[in-house]
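Asker: As a plain string of letters, each chain reads:
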Amino acid sequence: MTLAAFASYMLTGLAGASSLFLVAAGLSLIFGVTRVVNFAHGSFFMLGLYLAVTLAGVFGRTPLGFWGAVVCASLAVGAIGVVVERLILRPLYAAPELLQLLATFAVVLIVKDAALWIWGPEDLLGPRAPGLSSAVPVLGRSIPEYDLLLIALGPLVMAGLWLLLTRTRFGRLIRAATEDREMTAALGIDQARLFTLVFALGSALAGLGGALQLPREPANLSLDLSIVADAFVVVVLGGLGSLPGAFLASLLIAELKAFCIGLGFSKATLVIEFLVMAVVLVFRPHGLLGRPDPPARATEAEAGEPIPPLVWIPVALALAFPLLAGGYAVILAIDIVILALFAASLRWLIGPAGLVSFGHAAFFGLGAYAAAIAALKLGWPMAAALAAAPLVAAFGAFAFGLVAVRLSGVYLAMLSLAFAQIVWSLAFQWDALTGGSNGLVGIWPAAAVADKTRYYALVLGLAIAAWLLLGRIERGRLGYAIRAARDSQLRAEALGFDVPALRRIALVISGAVAGLAGGLFVYSKGSLSPETLAIPRSVDGLVMVLLGGLASPLGPLLGAGLFTWLQDEAARRIEFWRALVGFVILALVLFAPRGLAGLLRRPRA
Amino acid sequence: MLTVARLEAAYGRAQVLFGIDLDVAPGEIMVLLGRNGAGKSTTLKTIMGLVAAAGGSVTFDGRRIDGMPAHEIARAGLGYVPEDRRVFAGLTIAENLDVGRQPPRAGAPPWDEERVYRLFPRLAELKDRRAGQTSGGEQQMLTVGRTLMGNPRCLLLDEPSEGLAPVVVDAMAEATTALKREGLAVLLSEQNLRFALRVADRAAIIEQGRIKFSGPVSALAADESLARAYLAV
Numbered sequence: 001m002t003l004a005a006f007a008s009y010m011l012t013g014l015a016g017a018s019s020l021f022l023v024a025a026g027l028s029l030i031f032g033v034t035r036v037v038n039f040a041h042g043s044f045f046m047l048g049l050y051l052a053v054t055l056a057g058v059f060g061r062t063p064l065g066f067w068g069a070v071v072c073a074s075l076a077v078g079a080i081g082v083v084v085e086r087l088i089l090r091p092l093y094a095a096p097e098l099l100q101l102l103a104t105f106a107v108v109l110i111v112k113d114a115a116l117w118i119w120g121p122e123d124l125l126g127p128r129a130p131g132l133s134s135a136v137p138v139l140g141r142s143i144p145e146y147d148l149l150l151i152a153l154g155p156l157v158m159a160g161l162w163l164l165l166t167r168t169r170f171g172r173l174i175r176a177a178t179e180d181r182e183m184t185a186a187l188g189i190d191q192a193r194l195f196t197l198v199f200a201l202g203s204a205l206a207g208l209g210g211a212l213q214l215p216r217e218p219a220n221l222s223l224d225l226s227i228v229a230d231a232f233v234v235v236v237l238g239g240l241g242s243l244p245g246a247f248l249a250s251l252l253i254a255e256l257k258a259f260c261i262g263l264g265f266s267k268a269t270l271v272i273e274f275l276v277m278a279v280v281l282v283f284r285p286h287g288l289l290g291r292p293d294p295p296a297r298a299t300e301a302e303a304g305e306p307i308p309p310l311v312w313i314p315v316a317l318a319l320a321f322p323l324l325a326g327g328y329a330v331i332l333a334i335d336i337v338i339l340a341l342f343a344a345s346l347r348w349l350i351g352p353a354g355l356v357s358f359g360h361a362a363f364f365g366l367g368a369y370a371a372a373i374a375a376l377k378l379g380w381p382m383a384a385a386l387a388a389a390p391l392v393a394a395f396g397a398f399a400f401g402l403v404a405v406r407l408s409g410v411y412l413a414m415l416s417l418a419f420a421q422i423v424w425s426l427a428f429q430w431d432a433l434t435g436g437s438n439g440l441v442g443i444w445p446a447a448a449v450a451d452k453t454r455y456y457a458l459v460l461g462l463a464i465a466a467w468l469l470l471g472r473i474e475r476g477r478l479g480y481a482i483r484a485a486r487d488s489q490l491r492a493e494a495l496g497f498d499v500p501a502l503r504r505i506a507l508v509i510s511g512a513v514a515g516l517a518g519g520l521f522v523y524s525k526g527s528l529s530p531e532t533l534a535i536p537r538s539v540d541g542l543v544m545v546l547l548g549g550l551a552s553p554l555g556p557l558l559g560a561g562l563f564t565w566l567q568d569e570a571a572r573r574i575e576f577w578r579a580l581v582g583f584v585i586l587a588l589v590l591f592a593p594r595g596l597a598g599l600l601r602r603p604r605a
Numbered sequence: 001m002l003t004v005a006r007l008e009a010a011y012g013r014a015q016v017l018f019g020i021d022l023d024v025a026p027g028e029i030m031v032l033l034g035r036n037g038a039g040k041s042t043t044l045k046t047i048m049g050l051v052a053a054a055g056g057s058v059t060f061d062g063r064r065i066d067g068m069p070a071h072e073i074a075r076a077g078l079g080y081v082p083e084d085r086r087v088f089a090g091l092t093i094a095e096n097l098d099v100g101r102q103p104p105r106a107g108a109p110p111w112d113e114e115r116v117y118r119l120f121p122r123l124a125e126l127k128d129r130r131a132g133q134t135s136g137g138e139q140q141m142l143t144v145g146r147t148l149m150g151n152p153r154c155l156l157l158d159e160p161s162e163g164l165a166p167v168v169v170d171a172m173a174e175a176t177t178a179l180k181r182e183g184l185a186v187l188l189s190e191q192n193l194r195f196a197l198r199v200a201d202r203a204a205i206i207e208q209g210r211i212k213f214s215g216p217v218s219a220l221a222a223d224e225s226l227a228r229a230y231l232a233v
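Going down the list, the protein sequences come from chains A and B.
The opening position of the first sequence corresponds to residue 1 in the working numbering, with each subsequent residue numbered one higher.
The opening position of the second sequence corresponds to residue 1 in the working numbering, with each subsequent residue numbered one higher.
Hints in this document: simulated from the structure, not taken from any laboratory.
Be aware that one or more of the hints could be misleading.
[Said to hold, decoys possible] Lysine to any residue pairs mimicking SDA-like chemistry, simulated, CA-CA at most 20 Å apart:
#  : chain 1 : residue 1 : chain 2 : residue 2
1  : B       : LYS127    : A       : ARG167
2  : B       : LYS212    : B       : ALA227
3  : B       : LYS127    : B       : ALA89
4  : A       : LYS377    : A       : GLN429
5  : A       : LYS452    : A       : PRO381
6  : A       : LYS452    : A       : ASP335
7  : B       : LYS127    : A       : THR166
8  : A       : LYS377    : A       : LEU426
9  : B       : LYS127    : A       : LEU165
10 : B       : LYS212    : B       : GLN15
11 : B       : LYS127    : A       : ARG169
12 : B       : LYS180    : B       : ARG194
Since we're looking at a predicted model, the values are computed, not measured.
Okay, chain A solo, but in the shape it has when bound (with noise of 0.2 Å):
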């Protein structure tokens, strides 16, 4: 590599990093405060790109109309974020973290169609920036004039937002509730206010991220996502609620990321951050500069009345209807019974277990390309392939286990989505063994259920038993152990239990149920695709535990249900099917924060 070749791919890191730093700062600040894990933070990214190319065409080809273009975007995005905390978070601060979680994934699904809708589908490409179009030579490369100014406004806005924290009471009231917010409470500071205060300060620097990028990139609709994980693993990777750790790590992915690119290896860029952060997890559990957490709340999964028996009857008979009906409403209960067998198998890990996974998929896309390889590769029929499934996301569940049981929270949760990618970019890559992007197809089953009916009847035969296993686990010695070691590391620990141990065990037992659903799903399909195992799957899986409802067995099915039954329905009849998605979820996040299940219950005396 020239000393040219060199500088230049630095100064393209330091570009990126200045963007990513933008984005990751508003998502440090927010969770720090209010420790909401805002899932839309992606999409006030995307909003800011989007109301910037409008307006820049509005305001007219001055510099002063694209610098008024992009700040005028970035205050619309604060103000929007104002209005999402007001009307949506703000009743949900009593709330389960996972609740709050749910509620800003609803956010995304919204924001998405809304950006459809005023926007289109196609994407939309912004002006230069008048006076910074032109490139400046370094070295014998030309840098564009306008990463310069990036380069600069990154630690422009680090030096600000620093003097923000240390030299005004504003500042020094955010990092006071982000160390106690009760404390600050007592001390006679309103909450409400500060936490409105600090995600329009978020959102406003989120979106200014995405106005600077006008000239960059053009906007379109799945950056929200993007975007949003790019931001999660610079924030974790730099310790939550540290700013200079997320300039750190932004400089860092950045960097690695144009490295990657310049020298030809820009596949490598889809896994890099991840693994760089899985391993820096596994040295620093809290990051390059974080400390660690305050204590977790415990997940309020349980307590409440059984459901009452009645209500066994009206499910066992939409169970078997199917297998009457026969036509479109088996295929869709197959569809509904693998995924209430994945949701049951994370249900399992986040409510007795206390782990919450963003990468659940890893393990589902585990047990599934393990069937297809099986089958297809090796040849092996269908029983044997179908064993292979658990088998082979147990073996992966056991291995993440070992790097994963340290950590706990969101590091955990990241590092279970650093797991997941890590997982998908080799079935991504690997042409040989997975057929890469194209996946592999012809895997069907073997003839005695080769019928879509009996296939039902195999499915629901076999997540049946599966969820009975998992209910006798839970509410045997195994489980009180595993719960025990959920609600209190230490206190489990002097009861000699060996808390480590217990969670892999949990893992496992979790990773293979999702397995064997994997291996199902590509059986019912006949094909698999990375998409198997990517971030949306992963998602979906905890949006259905949590529309079910934690506290109850029954909740995985319950949601699955209507997730899966909602998107189906509406995806064939409304355009804009994500955001009534989104309103549905959030309907039930504010009216029944209990989920499904809990609205089955008995009230509570």
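On the provided structure of chain A, position chain B as indicated by the hints.
Answerer: For chain B alone, coordinates are given in the frame of chain A:
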């Protein structure tokens, strides 16, 4: 000034307070004595709105404050010093004090940073040090000072002598009596009978969420059986 009547509170389904009655007048120190787990801290937290009251009432200055959010209770003039100190570890001493600052209040002695430093001179020497890097005693002084920055008219002190060196306990006792002379109403919780007898005017003993004794501190000093029955002495 502060009247607590039939106050009840619960954590989840476990009821902790069963009808607590207390009152404190301006210029008076009332001590709430009891063993670990008797409900002292919960009483103070419930008054402060940090634990939701399940029944009964809290009246401050003739105004019902139960059910109000904690920050409004603080702004009404009630100051709370938590038991486990809870300084903002990453902020300096001076910054911690600034977080506690509230506008001056009619009828309450006005506080600023300098006055806190006069009360606890040790804090002035450390004002630019991060609170997490100070000793337990210094942190205790800081939490008291931080709460005083809100210009309270009534102070809730949760176990101010717990785990402190005798010299710091002396400083806390002096500070508490000085505040009383300025007309503050002080409600403090204690396990330390000697500290209580030294500063308090009146005492109440709490046991398993119920008040077992209430009267002048002299009555408590005179009757050793009371202390033996309800306190760890």
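Asker: Among the hints numbered above, which are violated by the structure, and what are their numbers in rising order?
Answerer: none
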